[in-house]
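Number of protein chains: 2
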Amino acid sequence: MIRINEGYLSLTPAFFFTKIGEEIAAFEKRHPGKRLLHLGVGDVTKPLAPVVIEAMHRAVSEQGDAASFHGYLPETGTDFLKEAIVAYYARRNVTLSMDEVFISSGAADDLGAILHLFSPENRVLLIEPAYPAYADANQMDGRKLIRLPGTPENGFLPLPSPDLQTELVYLCSPNNPTGAAYTRGQLQQWVDWAKARQALILFDAAYEAFIADADVPHSILELPGAETCAIEISSLSKTAGFTGMRLGYTVVPKDLRVNGVSLNDLWRRDRCTRTNGVSYIMQRAGEAALSEEGQRQNRVNIDCYRENGRILSDALRSEGLWFTGGRNAPYLWLMCPDGMSGWAFFSRLLEQAQIVGTPGEGFGPSGAGYLRLSCFASRGDTEEGARRLMKAL
Amino acid sequence: MIRINEGYLSLTPAFFFTKIGEEIAAFEKRHPGKRLLHLGVGDVTKPLAPVVIEAMHRAVSEQGDAASFHGYLPETGTDFLKEAIVAYYARRNVTLSMDEVFISSGAADDLGAILHLFSPENRVLLIEPAYPAYADANQMDGRKLIRLPGTPENGFLPLPSPDLQTELVYLCSPNNPTGAAYTRGQLQQWVDWAKARQALILFDAAYEAFIADADVPHSILELPGAETCAIEISSLSKTAGFTGMRLGYTVVPKDLRVNGVSLNDLWRRDRCTRTNGVSYIMQRAGEAALSEEGQRQNRVNIDCYRENGRILSDALRSEGLWFTGGRNAPYLWLMCPDGMSGWAFFSRLLEQAQIVGTPGEGFGPSGAGYLRLSCFASRGDTEEGARRLMKAL
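The listed protein sequences derive, respectively, from chains H and P. The numbers in our numbering rise by one with no breaks, and the one at position 77 of the first sequence is 79. The numbers in our numbering rise by one with no breaks, and the one at position 185 of the second sequence is 187.
Please note: incorrect hints may appear among the correct ones.
No copy is singled out in the list; a pair is fine if it fits within one copy or between any two copies.
In the EDC-like style, the derived pairs of lysine to aspartate or glutamate whose C-alpha atoms are separated by at most 16 Å in a straight line are [as the list claims (entries may be wrong)]:
id : residue 1 : residue 2
1  : K393      : E353
2  : K48       : E64
3  : K256      : D267
4  : K21       : D267
5  : K48       : D67
6  : K48       : D305
Calculated directly from the structure, the hints in this document are not laboratory data.
One chain only, chain H, in its complex shape (with noise of 0.2 Å):
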């Protein structure tokens, strides 16, 4: 007889964006005609940068030419991406070699797929609220959660107390949902204790490009000694809007070792083994996206999402509500009015403004009573849901 992963059978039906879908599905068919402000999803709206569009032509022409035609790539990536990259990471000053990085279909991917390296019976440490996809995908291969969560106390950035036991934990900074970001000296903290536990941290560095200020780090391994406690999996999904291309990396030091095993070793035998790699024109794209006129091109959209979140900060304060976030990412997180769920005002927006929030429960215990919003809407959407969000309240 077949045995189910039972890991699965104890998760909710349907994953939370999966269900904010169905809810604004059945909105818009209550409601047939009536605009909706997506203020809640965190996807990016501009169009591709120019010089991403022309390497992605010049790609697609290769392939239909035998003369420059790829088949089947490195599985870790192509040596001119994983350049790209490397090249990227030595502007903060880190010095990493090639094999170090790992080409992936986007963060998303990596951060479930890197936990096939660990046994369940690690703990994983969550600082709440948290990407959901964290906490599922180890609920999948039936590891005990611990949950940290952030308050208002400490900024939505929880710090590590010596008496904190785990052995893996995800840490996302600048953060979703909250959109708060840890300055140099409080991730030092982490990276400190994790290599005092000999606990592994997992890295979600996939909004970076959204720093603001000079003391939040772009990566964890600008600091001293994180290459010996950390994996950093990052995306290109918010850098250069490629949420639609399916691009990211994972750096996996090779100073990191566990038990004397060497996890870069261990992660380019699961890449290997279970995967193909990355698309050819994908990975000339990313090429082109973190060149010194990509990154100038896609710096141009970056700041208009930024000004969104001026905008959508102003609005908030105008109207006393507490919140983090809008500056050093593309997220704010507030506390609801009235001690209202994060569904319930998720609600109320929506009938009362037709804005689309997202509701904090879904991030985790410590999220209920807030909601998110994003900055990735249109200027003009979201200077009339700043409007619609002041009347509403």
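Starting from the known structure of chain H, fit chain P onto it as the hints suggest.
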């Protein structure tokens, strides 16, 4: 203390194809300038069909314009590509619903990822020789492997017997590496056995586009009863030359239940949690490849590879070597002469004829003493390879 997944520690350090790559690199270092004929690896060499190239140029341009830009897509794939796959199956009189189709980054990815759904206690039957990732991915998860050997006596198409005990079984037909393909009657025996045993077939259909014989099914879902005991995992890598594109699909029938649990629901939950899907541009490429015109254009390439199979078959026959394949699949599987091991014959062909084959030992114990040849080289290289092969024998 972090605990490594012990399954990884029990594996050979390098994946089989990584090892082959290292052997070739070492030869090239010893003999700089000697041109090798690559008749081993299963990688295509012909450029993508014009209709696919045109579709990708259009899709790239869409991504450069805000009005047509696509961000996140449904995790399980776009409707337009699912529709194309449903239509592709309809031509074989297999009726699928859209939500039975899951778009993937290729069969290689899903052949391992689908295992998430099943507890490590399940036993896994491998029809050997087999694509080495089947064994490795299950060894990583700690599942017990049972090996059913292919032999010249059963034509490398072993059939089930009532005493065969397992919960999961991988079937690949047309087969990699042997090129042998089950007839409808033979495959029906597997379906009937799985239904009686309540076992699940993981059917790898990656080579279906090469089928020449009318009594060889292209999909296991052509057979009555398969929708209650089989998941089909397929790819456009060989169907449309997409090895460097990374696009495939997995069909999980809605009628497939284990103890009342729908595997379709479970796989949807897995995909929505663990991935953000596949690039818009690749999905448009897949739609074009599966269009009538795309299939017509790809057929020209496949016919060309098939002719390579005929050339290699004739050479092997003229030398009196026993082999299977070369007709319904792009592989030939030959018994090494003089009782040589696959590795010894691999080395001999490399040194004496500068031909790169693939040693059978990489496909499991029952591959010992065999060599795989593939039909994907250019016509010129294949003809030259056939000549050198005859000379070396």
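Exercise for the section: Classify it for me, K48 with E64: is the Cα-Cα distance of at most 16 Å met within a copy, between copies, both or neither? Expected result: For K48 and E64, the Cα distance is within 16 Å only across copies (12 Å; inside one copy 27 Å).
Practice task
Since the copies are identical, ignore which copy is meant and state whether K21 and D267 lie within 16 Å (CA to CA) inside a copy, between copies, both or neither.
Solution key: between (38 Å within a copy, 14 Å between copies)
Practice task
Can you give me the call for K256 and D267, within, between, both or neither, at a CA distance of at most 16 Å?
Solution key: Intra 8 Å, inter 39 Å, cutoff 16 Å: intra-copy only.
Problem - K393 and E353: within-copy, between-copy, both or neither at 16 Å Cα - result: within (13 Å within a copy, 80 Å between copies)
Practice task
Classify it for me, K48 with D67: is the Cα-Cα distance of at most 16 Å met within a copy, between copies, both or neither?
Solution key: For K48 and D67, only the inter-copy Cα distance (8 Å) is at most 16 Å; the intra-copy one is 31 Å.
Handout entry: Up to 16 Å CA-CA - D305 versus K48, copy category
Key = Intra 12 Å, inter 43 Å, cutoff 16 Å: intra-copy only.
The earlier numbered hints are all upheld by this structure, with none contradicted.
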